[in-house]
Amino acid sequence: MRQRKNIKYYAPILFFFLMLIDGQLTLAIETWTDNTYFASVHLMLLGFMMAVPSLSKRQLLLTALVLGWICDSYYVGILGVYTVALTGTVLLMITFQNVVEANMMTAFFGLIIFSTSYELISVILQLVFHLSEVSFLLFITRVLGPTLLFNMLIFVIFSYPFKLMFTAKS
Amino acid sequence: MVWGVIVKKFNPNKNIIITLIVVIIIVVVVSISSAQRTNNGKTDLARSAVNDGVGLVDRVLSFPLLAVGRFTTFINDLLQAYEENEQLKAKIDSYGELALKNKNYEKEIDALKKELQLNETLTNYEKITANVITRSPDTWQDILVVDKGSNEGIEPNMAVLSQKGIIGRVLEVNANSSKIELLTSTNQNSNHFPVMVSSETGESYGLMKDFNEKEQSMIVSQLTGNAAIKEGDIVQTSGLGGNSPASLPIGTVLKVEQDSYGLTKEVHVKPYADMYGITVVTVVKRLAGGS
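Those sequence lines, one after another, are chains F and G.
In terms of this note's numbering, the first sequence is residues 1123 to 1292.
In terms of this note's numbering, the second sequence is residues 547 to 837.
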């Protein structure tokens, strides 16, 4: 019971740090691949995915809303893009939890689906509001493909530690 | 009883109403914040405090990665030192003459300014150096976050240079941090640069506004003048328009071609500055008043 309460308090703070680490690691990968491939790191999404069984729906959505707003304000300056993408993806995670049996295999494919939905939602919003011009060929080959590959690797390395960190013990 | 039946018949699906309300809120919020970012780059107190706070935490988190990056750059520089040394030796012979000419030109300009009682010209500017904290993880926005803001004198729309040339403009300013939009941004609302192309037969003035992703070049259009522009001609800011000072280096001409309508020329410019791997920037504050 005590640990469940603790998760409620430290999870949002951890998600915030993971959001910033995602940004720094994404930049590092761009430099490492000599600006050819743009893999986005999604440690925060992995954290949310592992925390879904332990946190209430309200807290998850509120945390996603606030973090998405912070992400929009800090990285882009236009409110709404990451807010909708992150909140929508977390809502998708909550929906999946209700219909799919949770184990490592489903979590692995779940991360692929959620990373794709996150990237697609943010790209579609930018296209709809004319915030940028997106070449879909470039998006698939140099952004989405590397993103999914890299996040699969992230899952293999970090899924178990994150599961321990975000699962409440009764 | 009749009234209850009528209300039940016309009661729409609750989820559809909620979805519509959410969509309206999203459209309004995105439109307002996008317009605010384009028209007035300064943020309100609450957002400025949030951005500065997050920037501070991000600076701490970025330190180990920056240290690794700088060490890698140091090793690369060390390996290339011999080749660079040979190239520099070849250039050093003409350096003395150039330095003397430059000094004489500066004296002449100062004397002329005194005569005309000019305090500033289009080329006068102040420099503010800033470190890059992070870059927008979104590939399509091309925005850098730096660690200087309005407290250090930065204002929206100031030109920004890296080591070699112009890289973009200040997009948004907080108290202790700012966002810089790069020239490579595909943002259709980005501000453009008035440029001058110097060729053997004279100068041409135009507007730099598009980026060609395939060639990695900037496109200059709306050119005035009849000077013959050829590959290798130098492109720099013209200082016209009241925003950026003159003579800031941009790049060299890659090719000249007709636009899609065949009416005007378009010049493709290869920028001096690399748009990736930027760790330090210089924000340029123009001193001469704008028109």
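Bear in mind the hints are in silico, worked out from the structure with no lab data behind them.
You may find that some hints are simply not true.
Covered by chain G, according to a simulated footprint, are these stretches of chain F (three or more residues, beta-carbon under 8 Å) [unchecked claim]:
{"hint": "1", "stretch": "1148 to 1157"}
{"hint": "2", "stretch": "1192 to 1199"}
{"hint": "3", "stretch": "1237 to 1250"}
Idealized CB from N, CA, C, for every residue including glycine.
Chain G over the stretch 1237 to 1250 of chain F, status - at least 3 residues with CB closer than 8 Å: holds (count 4)
Coverage claim, chain G over the stretch 1192 to 1199 of chain F, checked by counting residues with Cβ within 8 Å (three needed): Contact hint for the stretch 1192 to 1199 of chain F vs chain G: holds, 7 residues under 8 Å.
Coverage assertion for the stretch 1148 to 1157 of chain F with respect to chain G, Cβ distance below 8 Å, three residues required: Coverage by chain G holds for the stretch 1148 to 1157 of chain F (6 residues, Cβ < 8 Å).
Checked against the numbered hints above, the structure violates none of them.
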